[in-house]
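Number of protein chains: 2
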Amino acid sequence: MSDGPTIYATEPLQVYLDDAASKKPAPGGGSVSAAAGALGAALVSMVCNLTQGREKFADVETEIVALVEKSDAARVKLEKLLQDDTTAYNGVIDAYKMPKETDAEKAARKAAVQAGLVIAADVPLEICRVAVEVCRLSKTAAELGNPQAITDAGIGAILGEAAVVGAALNVRINLEDCDYTIAAAAEIDKIQAEAAALRAEVLAITLSKL
Amino acid sequence: MSDGPTIYATEPLQVYLDDAASKKPAPGGGSVSAAAGALGAALVSMVCNLTQGREKFADVETEIVALVEKSDAARVKLEKLLQDDTTAYNGVIDAYKMPKETDAEKAARKAAVQAGLVIAADVPLEICRVAVEVCRLSKTAAELGNPQAITDAGIGAILGEAAVVGAALNVRINLEDCDYTIAAAAEIDKIQAEAAALRAEVLAITLSKL
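From first to last, the protein sequence lines stand for chains A and B.
According to this note's numbering, the first sequence is numbered sequentially starting from 29.
According to this note's numbering, the second sequence is numbered sequentially starting from 29.
Hints should not be assumed to be uniformly reliable.
[As the list claims (entries may be wrong)] With a Cα cut of at most 25 Å, we get these calculated PhoX-like pairs of lysine-lysine: (1) A:Lys52 with B:Lys98; (2) B:Lys84 with A:Lys51; (3) B:Lys51 with A:Lys84; (4) A:Lys237 with B:Lys84; (5) A:Lys108 with B:Lys98; (6) B:Lys218 with B:Lys84; (7) A:Lys125 with B:Lys84; (8) B:Lys51 with A:Lys108; (9) A:Lys98 with B:Lys237; (10) B:Lys98 with A:Lys84; (11) B:Lys134 with A:Lys218.
[Said to hold, decoys possible] Here are some of the chain B residues that sit facing chain A, going by a computed Cβ distance under 8 Å: (12) Gln42; (13) Ala70; (14) Ser73; (15) Asn77; (16) Ala101; (17) Arg103; (18) Glu107.
[Claimed, not checked] Chain B residues, not near chain A, derived (Cβ > 12 Å throughout): (19) Ala37; (20) Thr90; (21) Arg157; (22) Glu215; (23) Ala225.
In short, the hints are calculated from the structure, not lab data.
The C-beta atom is built at its ideal place from N, Cα and C for all residues, glycine as well.
Could you build the full structure based on these sequences and the hints that come with them?
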């Protein structure tokens, strides 16, 4: 009977899906994008776990051990962002509830809304940064991992790119005109281009190894 | 202490992610693709639930009621496929364990493996079919739904397309030369082209309404 936020990692998968489908404010598209990225990171780890410790792949053991450390770390970050995004907009909601009678109140409210929007944009921006890393890791998994799990490496890149593009939409919708906006827009453009290129590369490697 | 398969809908989200990352045979990329599609379908339903019953959107009420019925149905199907895919390969595994001493045993084993592969390919093929429907429904959501939830409609299409491309890889890897293969390959080519076009269209609508 806590009034704190629902901790989705410990809730049944069905609850996360049902809450995403509902009119509840969270989880929304940002959290769901982080979930897609976490699923992609999990598949990269799976490829590593099906490669590591096998004599057949002994020559890439060091690279695979390093890769699974990175994909596990990316997954932990995305699992945290999946949760963070469910409360990231709370500051904006609270700011909109501030009084707006006097000019001073209006100015304070406007500043609080803008500060809230920067936080609300910052969480999906971080999702973009980690999700493009999932695409990079998928490429190494496709190149070096057990070819029997090649489709999992491919799907890792597909989901990493989907998480980037999805979260980027949620960065853009939370942007107001300010210095933060210009820097963030430039960064997500660059990340999206890299993710798109990586998805195409990893899919090409995957199809060549089917 | 049941020895039946893990029912992932009722397991914590964390367990699904951890099992996907592990070397366990399931869930793999096929199930994870279905999960991505289910997340996309959930976002379409969310857009509907944030539109339905509001005076401002009274003129599209009938279309939105029809849309949420379809997106809920697509999600139920993808939730089932997420589970089905975790056992779809069992028939192949069992077939590989069959004796292969005599010519008759070899022939029986080969036929059983091929029958198993058709089943293993059929589940992700069905994921492709339902996931492209998620892309179609996302387009209607982007066109008619509450514009405050426009990014959720966009992310619905992104995840629908990701699910199509991911599941298509798992169809292709389970195909052997047979009539089934030719028909399935043609169908997934067509579905992938439609999903890619829809993703681009829905993203364009989304960006125009941000």
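Violating hint indices (sorted, rising)
Violated hints: 4, 5, 6, 9, 10, 11, 16 and 19; rest satisfied.
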